[in-house]
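Work out the full structure, taking the sequences as your base and the hints as a guide.
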Amino acid sequence: APVAAQEIEEFNIGLLGGENAQDRLASNQCLADYATEALGVPVKLFAPADYNGVMQGLLGGTIDMAWLGASSYAGVYVQDPEAVEPVLVKTNLDGSYSYHSIGFARTDSGIGSLQDAEGKVFGFGDPNSTSGYLIPQVEIPQEIGADMEEFFGDVRFTGGHEQTIVAVANGDIDAGVTWADGLGAWEDGYNSGALRKAADAGIVDMNAIQEIWKSKPIPEGPVVLRKALPDDVKQTMVDLVQNLHETDPDCAYGVAAGETAGFTPITHDAYETIIEVRKAESS
Amino acid sequence: MLRIESLTKRFGANTAVDAASFTVDAPRMIGIIGASGAGKSTMLRMISRLTDASEGRILFDGRDVLQLRGRAKRAWQSDCAMIFQQFNLVPRLDVVSNVLHGTLGQRSTLATMFNLFPREDIHRAIDILERLGIAEHAAKRAEALSGGQQQRVAIARALMQEPKMILADEPIASLDPMNAQTVMEALRRIHEEDGRMVIANLHTLDTARRYCDRVIGMRLGRIVFDGTPAQLTTGAARDIYGAGADFSEDATSTEIRDRDLYAEAALRDAEATV
Amino acid sequence: MLRIESLTKRFGANTAVDAASFTVDAPRMIGIIGASGAGKSTMLRMISRLTDASEGRILFDGRDVLQLRGRAKRAWQSDCAMIFQQFNLVPRLDVVSNVLHGTLGQRSTLATMFNLFPREDIHRAIDILERLGIAEHAAKRAEALSGGQQQRVAIARALMQEPKMILADEPIASLDPMNAQTVMEALRRIHEEDGRMVIANLHTLDTARRYCDRVIGMRLGRIVFDGTPAQLTTGAARDIYGAGADFSEDATSTEIRDRDLYAEAALRDAEATV
Amino acid sequence: MADLTARDIDRAGDSRSAYLALVRRRQTYSFLLLIVFVALMVSGFRIANDRNAGGFVDGLPQILDFPADVVSEAWRNAAELPGHFLAFLPALIETVNIAAVATLVGAIAAIVLALLSTRGLARWPRAIPLFRRIMDIMRAIPDIVIALILIFLMGVGPMPAVIAIAIHTAGALGKLFSEVAENADLKPVEGLQSVGARWLQQMYLGVLPQIAPNLLSYALLRFEINIRASAILGFVGAGGIGYELKNAITWGQGQFAESAAIFILLFATIVFFDQLSSAARHRLAHGKGAL
Amino acid sequence: MTDATASLAATDPRARAEAGIRRQRRIALAIPAAILLYLIYIFFAFDLPGLASRLRVDNMVTLVSDTWSYKTHVTRDNRSGDVEVAIEGERQGTYAEGAAPDWVTRDGDVTEIRLAPDHLAVFDGGQVRYDVPGYGLVTAEHDGRDIALDTPDGTVPDFISASGARVDITTHAGRVSLTRNRNEVFRYFAGWELFFFTLSSPYHGHAAGEILFGDRIDPDRSNIVGAWQDFWGNPMWRHADVAWALGETILMAFLGTMGAALVALPLGFAAARNFAPVLAIRFAVRRVFDFARGVDALIWTILLSRAFGPGPLTGTLAILLTDTGTFGKLFSETLENVDTRQIEGVRSTGAKPLQRYRFGVIPQITPVLLSQVLYLLESNTRSATIIGAITGGGIGLLLTQAIITQKDWEEVSYYIVLIVVMVILMDTVSGWLRNKLIRGD
Ligand SMILES: Nc1ncnc2c1ncn2[C@@H]1O[C@H](COP(=O)(O)OP(=O)(O)OP(=O)(O)O)[C@@H](O)[C@H]1O
Ligand SMILES: Nc1ncnc2c1ncn2[C@@H]1O[C@H](COP(=O)(O)OP(=O)(O)OP(=O)(O)O)[C@@H](O)[C@H]1O
Ligand SMILES: [Mg+2]
Ligand SMILES: [Mg+2]
Ligand SMILES: O=P([O-])([O-])[O-]
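Residue numbers (my numbering), protein chains in the order written: chain A, 1 to 283; chain B, 1 to 274; chain C, 1 to 274; chain D, 1 to 291; chain E, 1 to 441.
Source of the hints: derived by calculation from the structure; they are not laboratory data.
Computed from a predicted model, the values in this text were never measured in an experiment.
You may find that some hints are simply not true.
As the list claims (entries may be wrong) - Straight-line distance between alpha carbons at most 27 angstroms, and here's what the computed BS3-like set of lysine-lysine pairs gives:
(1) Lys-164(C) <-> Lys-73(C)
(2) Lys-436(E) <-> Lys-175(D)
(3) Lys-352(E) <-> Lys-164(B)
(4) Lys-120(A) <-> Lys-216(A)
(5) Lys-329(E) <-> Lys-175(D)
(6) Lys-175(D) <-> Lys-140(C)
(7) Lys-73(C) <-> Lys-187(D)
(8) Lys-352(E) <-> Lys-73(B)
(9) Lys-436(E) <-> Lys-329(E)
(10) Lys-120(A) <-> Lys-227(A)
(11) Lys-329(E) <-> Lys-140(B)
(12) Lys-175(D) <-> Lys-164(C)
(13) Lys-436(E) <-> Lys-140(B)
(14) Lys-175(D) <-> Lys-187(D)
(15) Lys-73(B) <-> Lys-140(B)
(16) Lys-120(A) <-> Lys-214(A)
(17) Lys-216(A) <-> Lys-279(A)
(18) Lys-227(A) <-> Lys-279(A)
What the hints assert, rightly or not - Here chain A is said to cover these stretches of chain E; the calculated rule only asks that three of the stretch's residues, wherever they fall, bring their Cβ under 8 angstroms from a Cβ of chain A:
(19) 327 to 338
(20) 387 to 393
For every residue, glycine included, the Cβ atom is placed at its ideal position computed from N, Cα and C.
Structure below.
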């Protein structure tokens, strides 16, 4: 039943990049429909071109809910701790909620490890991506024992996970980082992640690229709600997303972008480390 | 009714009108002649308050026109219509609209902003156009008319103001002789029929002689002649124009009759050569 | 050397030149006269291949000029120089450059783009300008010259082409009588001294009579007269111009002598009027 | 005589009612046009407002939040700004270079296209419609589309942006140039034709000098526009200052000093070339503009 | 006159002419030389020699072939053993259970896929056989954690890419791939399949005539309504969304341009020398225009996104701000060039200042302003495409995202066609309006 019609007039959900804007909108439309029903107000989906679009929406209070990456959450938190709160996190099939940043290069490039990539062009995704920038930016220098800018010939942002994969496959850059759950086989692009999607779509031949680095586990990004929302609205949306896996598995598949064990509650504390890292990177 | 007292206009170091004085007691048709730069235009523009005077007074029915400000000044401008050499119409608007501009001084700003003119004004505008023989062009854009027609529209706009006085600054200088004649005759007729005062700057002596009751001659900003057309001899004209003995009055003529004569003479001469 | 055989040009339904034929055996100075629209310009433009003919042949030294294409056509154009009523110079370029354009037909495109004219060409250009009495203007822009001077630059450009034939389309129509005389005399001198053929469209009978060896008269696209200047009586002229008995030849005159008379007559008449 | 007057009055009545009808009709049309326009504006605004995440009224008070964040951080780190300027200068130069080459190449192509599609000048008069259509299409495809496809074909770098902007420039300038060339005086061309000059010579000597000041003026205006285009294309992946701006602004807090430095550089560059081209165009338009 | 002066007079013009031509030659050479030098600098600065090596011909082939073709996937899930046929591998393009195109025949665990008359690929359980004409039978099969590949000559030819975990066989007729999870065969077809109806629609496969005039296909709906609903709601091509995106782009351009014109008109008076006598005001307003223009729509979009969030309003406001600067400058220049005679004519009737503007100024600037507004409207349609790509709205977003993810080139070409048509249409409409409003009554 409509619970909050008198307190909010509409509810806006922001969608992070990752595929065609159209596909993103389409796979989340079912969630919007459920939300409309549950909240009794119009629910709209927004798919800006990059992470920053959603972050600005959350900061400005024009977007009420989004599923962020850990780093994007940290970015929002650093700018305004009172803007949003994490409520749920996606869990993998094995119950964990972490994934990895994967460094990779073309098989024929002769780059089999980070050390081989010295002097080569290295690609990050979006500056707000955890696996596509923040974590590798911290862990890779430790591993290679040098500054990235000095070690690599050039370090470049491609704009997103998909662009990184395409750029490596095309040889625009020699190596890059993207995300994967690290489960399953490399040949499939692991069980889920940007590589899997690219391989499934036929954009990349997994035989033609190889893994050169894998990060420590990264906490999955949270689903966040705007703090200023009325409590009953928040509760309604938490319930809705948490139960989505049971009420409509197909919809859950689309919203979670793959097979999952569903969403479980999470709090801000899980991201303290990432926030520290991000703060360190900022200064 | 009109009394000009040592009216002076200086543009920087240049004195365009220099202590000009004259008096007009009854509605007359007055021609002002003079060489280019003599100050004719400046004089008229000061009377109609389009240009501010440097010194002197312009009294109309005893009131100093130069002291008027704001609303009173605009009321005066509406009382004293101006006709320009280049017509100064709004070329993209139709003829009637241009004529209706004559009422702007009396109408509220708001109503006119939306082009809302009273119906009786429109009727009157068309009547005036009819009187000037151009009613059939009423709906055309001003720019689509010939020069003579445009000048008649300008006269119609002036009449629309119901002015006490019409000032015309070389109204026929950019017209061919045919059109010039029509326009001058229209002005004369208005003067005679309505009894309005008309002051016209003119370039040509014969026009002044033919249409005016009184002629004022200006030279270098000063009034150097003031008399009847009959008094305007070739000698007087030479003084006004500051010309030497070789001055031929016809050089300024635009009248059709004279022109015909001239052409005939040329033709005669040409045939003699054959 | 030049032989025109039933040359015809149609513009849509309008036949500008209608089966014109004539033959020129030796370099002559030929005048073509005719009323406006008679087809004079079209005729010259067909000869110089600026306009394509509809029918007929133009044989020069036995070769049909109308069949030439591409390089051969340009070579012909360079052999047959054209002089225009409006001079058709490049106004922003200096006089020497304009004259040097006469060699464009023989020079490579790239060389001309970078102004790489051989030194001897430059010298020759100056010589020609000298001959035409305008060498002191060599460095000026063409647009800074008077009409007569510009036309002489055009003639210089024509001479620069070392043409076998010079076509002049009303070369003096936009010139005052003074300049007209200079230009016609220049053309005549070139004809006499260099022995080049000159065909000139002329507006005025007296010019044709005075400067030409042979006169061709056109009317409505047809050649209606072909003879010596002496044969060109006022009657013949009436036929060419399709005029009635009131036709006065002087109406077409631009010659200085006549003009002075005319002006004097006008003056006399004017004074009589005063 | 009486008869005549009656007819006169009749005619007057006619023209009066005819004019009044005309005025009424015109007022009705203007009124309808106004209504349609206002309706379009109002409903359009409402749609845009509804489809936006944040509403106009709610957003207005916050309009300065973001600029304030940027400015305050940049202010705190004002000492770093000169260093940032220096660091981003190469990217700025790349952006300006992209615009310059694209304008240059585009303008040269535009001259050729314009001459080929101008009546009276065209080398192949029959092909005029063809060249016009080509220009239309070059103008119609947004440069971002061409740039993105070229990035796919030849990788990230300045060249896709150059080609994309040059294509658009050739179409846009070609149309303007052709309008200029249409008004060129044909007499010199005919004069050159009569001496046996080739087409290229006729154009180079007879037409270009006449129209050059106008062309230059338009090309300068275009250069100014192209600097913006080049910056924007950088934003979507073609390198230059736009790329740097995107990365800095996307990161948000922590790099606002960099963002501010780039804003300032870009703004200064645009204003600089804007003023420069205004001044140059002014000179060209008002004499003294000899090439 | 002496000999000396005569010869001097004769040689002097020659020398001068030569010098003149030399000077022109220098200019004629200097300009192209400067351009050439600059281009050479660019040649190296932009690394053009390297570009040739980076040019990817294969990508060009993909792009070109993908724009007018689509592929159908036949997929065997190696865990469940299920075989699925799907156009472009998408869910909405999946053939229903049991249904399949006629080039796929299924018999129990054996699926025969005819790629071309003489090309036959077979799924036989987990094994894949592909009889390549002119080469022979290629067999691939999972063998524990590896894939066993068997070719006629025992070697691995160019058209096969093989590793222990994945095998790809690519021929002109199609592509076969094996991984641990699934085996797939792709067959390519010309055209944009499912453009009108997806497989789930009852109207798929029916000709236009049949739908318009034939019997009712879906008993619940009349053919025209049903066909329209299914077409408009096509879940793969999403015509409704695309149409909205186009509309949103035009909306941004229209609102932004017109809004800017309305704002800039009064400000334009304040920046025109002949209407704003106070230098300070004029200077201030002009700097505001320079600022609005100089910041550029792109940066405005970013600056406004915090306050207004993603959506068309943000883009509209960005265009509005930039164009206020552009219009302000253009309008004030126009106002400075007005014909003063008309104003004087109106003034001489005793008109008030506002009336003077209304009748002396507005009628003469209207056509100029209108044509400037329409010109910018047309050019803003293009800008709105780009701004949409950044702010998250309109056809620009769809296009850029489709290009960035680098699949679905047929959608990319579809969007490009739509954008070009939209811009040409706006161009035509604005040209028509210009003629109508300016030349008309
Ligand atoms: N706005 C002005 N600023 C400066 N000087 C002016 C101005 N208007 C007129 N003058 C000067 O004042 C003198 C008189 O000009 P005015 O236009 O009154 O002469 P005019 O008799 O009307 O001549 P014309 O026959 O050429 O119209 C001239 O020397 C003119 O240059
Ligand atoms: N390009 C053209 N297209 C159509 N008709 C033309 C063209 N050029 C000339 N004509 C027509 O051909 C006829 C002859 O024109 P032409 O210019 O040869 O006459 P002309 O004797 O040179 O006259 P003028 O003394 O006026 O120069 C005229 O009726 C003219 O209208
Ligand atoms: Mg005057
Ligand atoms: Mg002619
Ligand atoms: O933040 P990411 O989801 O891109 O790792």
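Going down the list of hints, with the structure as the test:
Taking the CA atoms of Lys-164(C) and Lys-73(C), the gap is near 14 angstroms; set against the 27 angstroms cutoff, the hint holds. Proposed proximity of Lys-436(E) and Lys-175(D) is supported: the alpha carbons are some 21 angstroms apart, at most 27 angstroms. This hinted pair checks out: Lys-352(E) and Lys-164(B) have alpha carbons roughly 20 angstroms apart, not beyond 27 angstroms. With a C-alpha separation of about 23 angstroms, the suggested pairing of Lys-120(A) with Lys-216(A) holds against the 27 angstroms cut-off.
Restraint check for Lys-329(E) and Lys-175(D): the C-alpha separation of about 23 angstroms stays at or below 27 angstroms, so the hint holds. Proposed proximity of Lys-175(D) and Lys-140(C) is contradicted: the alpha carbons are some 34 angstroms apart, above 27 angstroms. For a cut-off of 27 angstroms, the pair hint linking Lys-73(C) to Lys-187(D) stands: about 20 angstroms separates their Cα positions. Simply put, Lys-352(E) and Lys-73(B) have alpha-carbon atoms about 10 angstroms apart, close enough for the 27 angstroms limit, and the pair holds.
The hinted pair formed by Lys-436(E) and Lys-329(E) meets the criterion: a straight-line CA distance of about 25 angstroms does not exceed 27 angstroms. With a C-alpha separation of about 44 angstroms, the suggested pair Lys-120(A) and Lys-227(A) falls outside the 27 angstroms cut-off, and the hint is violated. Under the criterion of a C-alpha separation no larger than 27 angstroms, the hint pairing Lys-329(E) with Lys-140(B) is inconsistent with the structure, at around 33 angstroms. For the proposed pair Lys-175(D) and Lys-164(C), the alpha carbon gap of about 42 angstroms is over 27 angstroms, so the pair is violated.
The hinted pair formed by Lys-436(E) and Lys-140(B) meets the criterion: a straight-line CA distance of about 17 angstroms does not exceed 27 angstroms. Restraint check: the Cα-Cα separation between Lys-175(D) and Lys-187(D) comes to about 23 angstroms, which is no more than 27 angstroms; the hinted pair holds. Distance check on the hinted pair: Lys-73(B) and Lys-140(B) sit about 32 angstroms apart at the alpha-carbon level, beyond 27 angstroms; violated. Simply put, Lys-120(A) and Lys-214(A) have alpha-carbon atoms about 18 angstroms apart, close enough for the 27 angstroms limit, and the pair holds.
Using a Cα cut-off of 27 angstroms, the hinted pair Lys-216(A) and Lys-279(A) holds, with the two alpha carbons roughly 19 angstroms apart. Under the criterion of a C-alpha separation no larger than 27 angstroms, the hint pairing Lys-227(A) with Lys-279(A) is consistent with the structure, at around 21 angstroms. With a threshold of 8 angstroms between beta carbons, the proposed coverage of the segment 327 to 338 of chain E by chain A is violated, since 0 of its residues qualify and at least three are required. Using a Cβ-Cβ cut-off of 8 angstroms, 4 residues of the segment 387 to 393 of chain E lie near chain A, which meets the minimum of three, so the contact claim holds.
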